[in-house]
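Colleague: Position chains Y and W against the provided structure of chain C, taking the given hints into account.
Protein chains in written order, with our numbering: chain C, 10 to 244; chain Y, 108 to 403; chain W, 47 to 637.
Think of the hints as simulated: they come from the structure by calculation, not from any bench.
Please note: incorrect hints may appear among the correct ones.
As the list claims (entries may be wrong) - Computed far set for chain C versus chain W, every beta-carbon distance over 12 Å:
| id | residue |
| --- | --- |
| 1 | Asp34 |
| 2 | Gly48 |
| 3 | Ala81 |
| 4 | Glu103 |
| 5 | Arg119 |
| 6 | Arg120 |
| 7 | Leu128 |
| 8 | Ala133 |
| 9 | Arg135 |
Said to hold, decoys possible - Stretch by stretch, here's where chain Y covers chain C in the computed footprint (C-beta under 8 Å, at least three residues):
| id | region |
| --- | --- |
| 10 | 70-80 |
| 11 | 87-99 |
| 12 | 105-114 |
Ideal Cβ placement from N, Cα and C applies to all residues, glycine included.
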Amino acid sequence: MLEVDGLTTRYGAITALHAVSLRVDAGEIVALVGPNGAGKTTLLNTVAGLLRPASGTVRLNGDDVTGRDPAALVRARLALVPERRRIFRDLTVEENLRLAGITASKADRRRRLDEVRELFGVLANRWTTSAGYLSGGEAQQLAVARALMSDPRLLLLDEPTLGLAPGLVDTIFELLVELRQQGRTVLVVEQNARRALQLADRGYVLRTGRVVAEGRGADLAERADLFAAFVGVGE
Amino acid sequence: MTTLLQNLVDGFGRGSTYALLALGISLIFGVMHLVNFAHAELITVGAYVAYGLSTRDVNWWVLIVAIVVSSVVASIAIERVAFRWVRNASPFTMLLTSFAIERLSHALWQVLVSPKKKSFPGPGWAFDTWKLGSVRFEIMDLLTIAITIGVLTLTALVFRRTLFGIAVRGAAEDFDAARLMGVRANRVISGAFAYAGFLAGVAAVLILMRSPTAEPTLGADWLLKAVVAAIIGGLGSFSGAVVGGLALGLAEVFLRSYLPDGTPQRLTDAFVFGLIALLFIARPSGLFKVATAERV
Amino acid sequence: MTDPWWLRVARSAAATAILSIALFVAAVVYTSTGGSARELLVKELLVNLMLVLGLQVFMGNTGILSFGHLAFAQVAAYAVAICAIPVATKAQQLPDLPFGLGDVHFGPLAATLIGVLVALALGAVVGIAVARTGGLAAAMITLAVLFVVDQVVKNWQELTKGAGGLSGVPILRGTVWLWLAAALAMFVANWFGETRAGRFAVATREDEIAAPSLGIGMFGARLTAWTVSIVVIGLAGSLRVQTIGSTNPRQYTLDAAVLVLAMLVVGGMRTVTGAVVGTAIITVGNETFRQLGDPQRLDIERFPDLFLGGALLLVMLVRPGGLLGDVDLAGWLRRATRRPRPAAERAAPARSAALVAEDVEVRFGGFTALDGAGLRVQPGEVIGLIGPNGAGKTTLFNVVTGLVESQSGVVRLGEHDLSRSRPHEVARAGLARTFQNLRLFANLSVRENVTIAALAAGRYRRDEPPVDVDGLIAAAGLTEWADRQARTLDYGNQRRLELARAAALSPEFLLLDEPTSGMSDDESAAMVAQVRTTAASVGAGVLVIDHDLAFITRISDHVVVLSEGVVIAEGTPDEVRRSPAVAAAYLGTHA
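Bound-form chain C, shown alone:
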């Protein structure tokens, strides 16, 4: 579904990604892990169209979508749940969701609002509350719910468990499974590297803008030298 080939992205004077290649097949959950500054967010932002790569291609179901505007990618049924959620705090939960459904027809939008309302009971209780008043866990659920409003086939999630209590982390991981069951494809960047890799079908380890390890999720999770690969100390 997603093919990233030789992607190089510069961020000011830094080269954040050095010819990174990865792929995500339809129906998979792929985990992308690595230390900070590795370029994981840069990668997702480039795929989602917020950043323009200096070279390389991004293909969505065979179509070359490199450098396309984020709004166009949403219409191509790709959705990004950004790092730190970036929900609209001045808008209510409902307004956040309606806005996220802007690419849909009125009927579809209404239907999806109902579906989301059912799926995220927590949000149903806060429907007309300003999003700024939501707790961390509620905000994260809103962020995912927003992404679902455009009925994406491919979901990118950037550190969805950041700052959440353990119980809520569980909820998020369950959500990822639910998404796969809905037939969607997921590429998730995660802090909880081991857990995410165990859950995922496949995984990639990114460090200083390069892929340093890849393979089946469970294999990577069990690797003794995972920490070493993560932080870059040879033993």
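Modeller: The following block gives chains Y and W in isolation, referenced to the frame of chain C:
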């Protein structure tokens, strides 16, 4: 008591014009971080359009529509032609660009039409008066109140109920996040300019109905106060802009009325600006908006 | 470290002389083939130049937009008028002049001096407000000031004769005084750029967070630039009224302020040369368009606005930094007259104070960033601070350096309590830092970046031995790029520059926030030596945050691990690397 009421009516009249203009300025700032010093030039556009049409002996209701429509069109055009190119530049550059446009506008009207004031017939019927007790009302006063309340209500509806309005508010808070939802950058910015143009057009109607003259520097007279009102209220805040504009209008009228008799009228402007300067020293980010922390 | 004062004065004089002579020659050529109209244009140009230079000293060096400078020129002009108009003529225009001013009469020199002083008196008051706020708010304050002064002048009839203005001011003979005044304005503007105060102001313009991190107080730097600029603008106003012979409020409207602004910005506000070029272009262009507009049509006053608006728009769209950008005669002279300084024999100072943070708590709204974290760095030690994302490492840095307020806890440098200190105070006490997002003075050269820190050390850390700027630049491997603008350097060099600049503050401790972020493994390895050498040369201990464990391992004597706002492990790099608790913090536990 009657002076109070009279002052309130006058103050509201003036203040509502400021509020409408300030609202447009705040709206544009919200989506682009641009303080648009050329915004009041839209009034000038409306004035000349009205002047041009009035020579063909046209009904004032038609003039009203024409003024508003031309303001909307001009606003969208200015964004397309100039501001789009400096969209990601520093606020300083954007500010100076808006100044450049203001200058060009003044010059163009002089060259294309005339440097002299051009008057045209006003809506006489708007100045029939009523008496309510000992207070004199003109129809114009009531019309001003009605139109202002109507437009503000419409604005509230648009920005709370319609998807367009929600998109603009979202984009004002976090432009990139809005794009990630599928909002098209160009559309939301053009839309914001269009609506700001609508507000300026209504303000122009209120101004021109009372004072039907077109001159190249018409906008400049209103610009300063409108910008100040928007900033007092905190740029980007709708309620702030409205409150700022009304407060400014009321302050002007009341100060004029209550300052000691010897004080020249225009000194009231000095007082107002002096107070504003003090306000900025005390609360640099305006009354309503809270500054966000910068990431180190 | 800095060039001797006489060399700096000489450079300013030379730059001034070159610009003045160039202008003079052009003026002579121009007026030789015309009538008095051309002479008038030259006078107008010189007056404009002084106004623009007055604005340049402030705006160019602080980056803060000011609409209000013209107000002070106006104040000076009226002060001069009241002093210089012969008593009899004055009595006719201002019969009710208060404060006994009706009887005063001064010659041109004294009147000019009074004009400048009056402008300064008023300017100082406004300057305090402007320097405190900065940014858009400051610009709006200046706008308000412009308007207030305009209204006061128009309405205080007894003092100013209102909107009609005052006339009868003795006109200066010939143009010699005007040229001298213009040259003086140019000299002051150039010289200010050579002073430490001028360099500090430029630092505040370039980066509002990095400047205080070097000990530079934002308020003081801005106020100084403002004050000097008021002196020049006061001079401008004084000369203007004595050139035209009259003054009235129409000369000092918002229109006029925008015109001066445009002249400054079109050429490039950061340099004196730019200001001169911009003034020349706009003045000549304006006049050309004015003549084009006159004969045929009816009285098109605003035709020049077409040129002004057009020129301003074009520059903003195409070259927002101004036509000249940072191209500067004074800067060129600085580079040309640099004398290589012999490397100072400098023993690293002996340090005794430890840097301590204890029980620091920080909450942002409902989120607890730090929950009783603490650490200790001994003099000369290198401590690595690691931890997963969101652990609170940068927050701890920000608390130590005064950027973030802690709800409780203590930060101490030796005996000196820094818990409530602001960033510039912390820097002056001896803590220098670098930033995660790199905060260089982008438009300044490598050498200028480092020199500003050295100047700050010279001013605020006097007990330290003088800083070897060239040595630090060489140690960072940046000698061949010393005169290039910081923003043109490649990333690795930019990081090294930031390190060198922090070291130039001669600090007791260097706090480095992810210095190898974005670097390749090779560059990170080189950075180890870089940090060690630099720190040793200034005798500083080091506290470094980084995610590159290879780098941390090689450089640290001791490592502290932070996770979710608390310290979860401490020890030697090897101990920490092998700790399962640390691995768990980074990788998360099994489901």
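Colleague: Identify every previously stated hint that the structure contradicts and give their numbers, smallest first.
Modeller: Number 2 only.
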